[in-house]
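Asks: Each chain, written out:
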Amino acid sequence: MITATTLKLNLGPQHPSTHGVLRLVLELNGEKILSCEPDVGYLHRGMEKMAEGMTYIQYLPTVDRIDYLAGCFYSELLCRTVEGVNDIVLSERVRAIRVVLLELNRIASHLLWIGAFLMDLGALSPFFYAMREREMILRYFEKLTGQRMMYNYFVFGGVRKDIAYLEDIEEIIKVLPQKIDDYEKIITDNPIFLKRTRGKGILELETALNYSVTGVNLRASGVNYDLRKSDKLYEGFDFMPVILKGKDSWSRYKARVLELRESLKIVEQGVNKLKENTNFDQKLINPLTLKLPEGEYYSEIEAPRGLASVYIKSTGEDKPYRLKWRTGSYYSVNLLRKLLVGEYLNDAIAIAGSLDIILPEVDK
Amino acid sequence: MNINDLRNIFGDCELNGNKICIKYNLHEFLSNLKNNYSFKLLKSITAVDLGNETELLYNLLSTEDEEDVVISIKVQNEAESVIDLFSSAIADENEIYDMFGIRFIGHEDLKRLYMPENWEGFPLRKDYVQDDTRLVWNDNGDNA
Numbered sequence: 001m002i003t004a005t006t007l008k009l010n011l012g013p014q015h016p017s018t019h020g021v022l023r024l025v026l027e028l029n030g031e032k033i034l035s036c037e038p039d040v041g042y043l044h045r046g047m048e049k050m051a052e053g054m055t056y057i058q059y060l061p062t063v064d065r066i067d068y069l070a071g072c073f074y075s076e077l078l079c080r081t082v083e084g085v086n087d088i089v090l091s092e093r094v095r096a097i098r099v100v101l102l103e104l105n106r107i108a109s110h111l112l113w114i115g116a117f118l119m120d121l122g123a124l125s126p127f128f129y130a131m132r133e134r135e136m137i138l139r140y141f142e143k144l145t146g147q148r149m150m151y152n153y154f155v156f157g158g159v160r161k162d163i164a165y166l167e168d169i170e171e172i173i174k175v176l177p178q179k180i181d182d183y184e185k186i187i188t189d190n191p192i193f194l195k196r197t198r199g200k201g202i203l204e205l206e207t208a209l210n211y212s213v214t215g216v217n218l219r220a221s222g223v224n225y226d227l228r229k230s231d232k233l234y235e236g237f238d239f240m241p242v243i244l245k246g247k248d249s250w251s252r253y254k255a256r257v258l259e260l261r262e263s264l265k266i267v268e269q270g271v272n273k274l275k276e277n278t279n280f281d282q283k284l285i286n287p288l289t290l291k292l293p294e295g296e297y298y299s300e301i302e303a304p305r306g307l308a309s310v311y312i313k314s315t316g317e318d319k320p321y322r323l324k325w326r327t328g329s330y331y332s333v334n335l336l337r338k339l340l341v342g343e344y345l346n347d348a349i350a351i352a353g354s355l356d357i358i359l360p361e362v363d364k
Numbered sequence: 001m002n003i004n005d006l007r008n009i010f011g012d013c014e015l016n017g018n019k020i021c022i023k024y025n026l027h028e029f030l031s032n033l034k035n036n037y038s039f040k041l042l043k044s045i046t047a048v049d050l051g052n053e054t055e056l057l058y059n060l061l062s063t064e065d066e067e068d069v070v071i072s073i074k075v076q077n078e079a080e081s082v083i084d085l086f087s088s089a090i091a092d093e094n095e096i097y098d099m100f101g102i103r104f105i106g107h108e109d110l111k112r113l114y115m116p117e118n119w120e121g122f123p124l125r126k127d128y129v130q131d132d133t134r135l136v137w138n139d140n141g142d143n144a
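Just so you know, the protein sequences line up as chains A and B, in that order. Last residue of the first sequence? That's 364 in my numbering, and every number before it is there in order. Last residue of the second sequence? That's 144 in my numbering, and every number before it is there in order.
Treat the hints with care, as some may be off.
[Stated by the list, open to error] Rough simulated footprint, nothing fancy, chain A against chain B, three-plus residues with beta-carbon under 8 Å:
id, region
1, 36 to 43
2, 86 to 92
3, 115 to 128
Source of the hints: derived by calculation from the structure; they are not laboratory data. Please read these numbers as outputs of a predicted model, since none were measured by experiment. Ideal placement from N, C-alpha and C gives every residue a C-beta, glycine not left out.
Okay, chain B solo, but in the shape it has when bound (with noise of 0.2 Å):
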């Protein structure tokens, strides 16, 4: 699957290396990549902070040349799941959930993975307070 073939399909969308950037129709797409050009296994979602809004990553491996293609998306605080295309987005969209809130429509199940029930914010967001008075070391109250 040559790189160059997707914009075809792509139509309007940035192409660096083998990164897609599109800006909508996330499901859409990836369901086309599944269906239609054999990339069945959805190696990783990432998420980057960018400050103003949230890029997520969805790292695809193809099973038939074992090329990887990445499709970017920008998002503010919700993003399409796409766990009925690939289970495996259930572990990712909720980690990705737990450290920075983005929450995904269609995901019926997203809870704290990794954190509290309880915990107030996400700490990979990068406007997570660093020096959080909750993780106490000893009795004096100092942070370590």
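Extracted from the complex, chain A is given alone in its bound form (with noise of 0.2 Å):
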């Protein structure tokens, strides 16, 4: 409720660090935040409705643009639950590509988001730095799929060709340790970067439960529930969820830190696999005659902003009677109404940028 005391500010939809078009309608006494009412829809598209009146082929090309920092992972989504219908299964060439993709994507994600959330705060020099490195695997995704965002790579039962210039990956992996290294210099003891991020945003255990906030922010408070660790796409890959337990808003960067050696891992991985399995096998679904039997599908996958999941509702039709997306961002922007309570103003941009909000994804 707003009194005489209070002043009702809206920060957005224009505003250039809610990474999007968000309006966040505050309501504030000084500098405290009283209460937070998150307005989204902005970015409206209709994607689950505009499925209802699409083959499934017709709709593969759009679902990257849910999610347009990482659209691998809900190609992947639409992908793989068809490919769960019709009983494929990948060859070990075909699901290390789409592993290496995955995470050369969910790398891009993260290193575009410690740019903008360096930004937030008011230190331009990391956003130049994440955005060169970003650059190098944009060029290598524009180079294999001709496309530097919404790259349609992966079709049913497969993906569009097989991989090639592995010796820009293995330059990737070779460059990008050294950068990451380079940033946590100038930023994770930073003095000014830890005034604004130590203790700030605390996400509780029970209110990140309560929120259904997963993914990298969820680990940033000390659960491990990382979904890769159960996907059979990931089998035979070695690597260790990032789990930490500071509950603020700089273990949210760590852990996004963390995870970007972790991913360059699991792309070094995928690389040897890829050179030791030359024989590129698929079998591919005709998209012409595809039809889902009469049924509901559910998949999920780790998207680098949380759980993205997928339910397809079939009536026997080419088309889906009914499509649903799960994103991680949309309940993110729901937490705002929480976690920014009783913190300053100044603050607000700290804490919405550190848990990666993308407004796409959102908006749906």
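The task is to assemble the complex, starting from two chains supplied on their own in separate frames and drawing on the hints.
Replies: This is the structure in structure tokens:
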């Protein structure tokens, strides 16, 4: 309730640090936030409604747009669901290709986050460094798929064509760890950075579960929940989920940096597998005759911004009867209602930034 | 948590894989699952328009063994809100209200989320008109 002593402030929807078009209606007492009401929907494209009027292959290129920084994950979800129905088991090489591309995509996404987060805090240089390294990955994707962001590379039953230019990935694996060290040198123990993030935006375990927060944000609050561990796609890859107990903005930053390193490890293993196993064989599903039998289908994956899942109900037609996406950011935005209360306005940007919210994923 | 153990709790219910179809007392069941059986995370609420009724699917995650369970209930135009159990439902229920027009009893702040405030109709319902004349792309009034 707005009273004479409080101030209502619109943060966004065109605010540069909301990473898209998010409007937060804040109620302030001085500089202290009393309540926060997120207002979303500025980027709504009707992805779910659209699906009901399209065949699966027509819909496939659009799903990259749900999260344009990590499009591979949503293609993978749709492909995985269709493959599951048709009992298709991916060959070792195709599986390795997918894992390598997914993890490269995750690295690119996290790198952008690090840059943008630091820019939210007023440090401009890390953004340029992070974009420089991200550029290596985007260049690689461009070379391989012809696209920098919306790859449309995964298809039902495999991938569009065999992977190539492995030497470029090896270059990334070689260069990136040093660069991450450099980031850590200028960011991690920087006193200004510590003051703005340590102990700020504490996300208690109970709150995190109650608000369905998943992914890195949940793991930075001490929960060991990483879907990749139980994911069949990642079978045979050795990595450790990053679990931190700090619960604050700083832990969420640190968790992402550590996750970058873990992802690089997975990419390296994937490249080794690709070198050993050069037998590229896949059984693609004919998309023109593709129909899902009547029933309900559900798949999920660990996307960079939390648990992503798709639910499809089919009536045996070539189009889904109902298709629902679950995305991590949607719940992170909802969490702002709770997380910003009691904090200062100055910290609102830092805390919202630390959750890695991306708006196309929220609005769908 | 074995899915068959859950049958004992629910008594009269239909089991289908990890999906449990119930007919009433949604709030009580979810409360029981959350407080006594460690299903503390509500992954999502999905609504499906079945024509004469709407199916709501509550996808819960057990924090103990990472098992999923789906609670399904069929409703007409109203359903019980679970925001006092799971705060994430604030967002889910609002989205379902916006897209399907289901009113959640106990959710005070239901409003249009993605659609404009004065929008008529609920887009994800099957009876929603596809060639909506309000969606005009140019001055001639042609739909895209």
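Asks: All hints are to be evaluated individually against the structure, with a verdict given for each.
Replies: Structure-based check of all given hints:
As drawn, the region 36 to 43 of chain B meets chain A at 4 residues by the rule of a beta-carbon pair under 8 Å; at three or more, the given contact holds. For the region 86 to 92 of chain B, the stated coverage by chain A holds: 5 residues have a C-beta nearer than 8 Å to a C-beta of that chain, and at least 3 were required. With a cut-off of 8 Å between beta carbons, the region 115 to 128 of chain B has 3 residues touching chain A; three or more are needed, and the interface restraint holds.
The structure meets every hint from the earlier list without exception.
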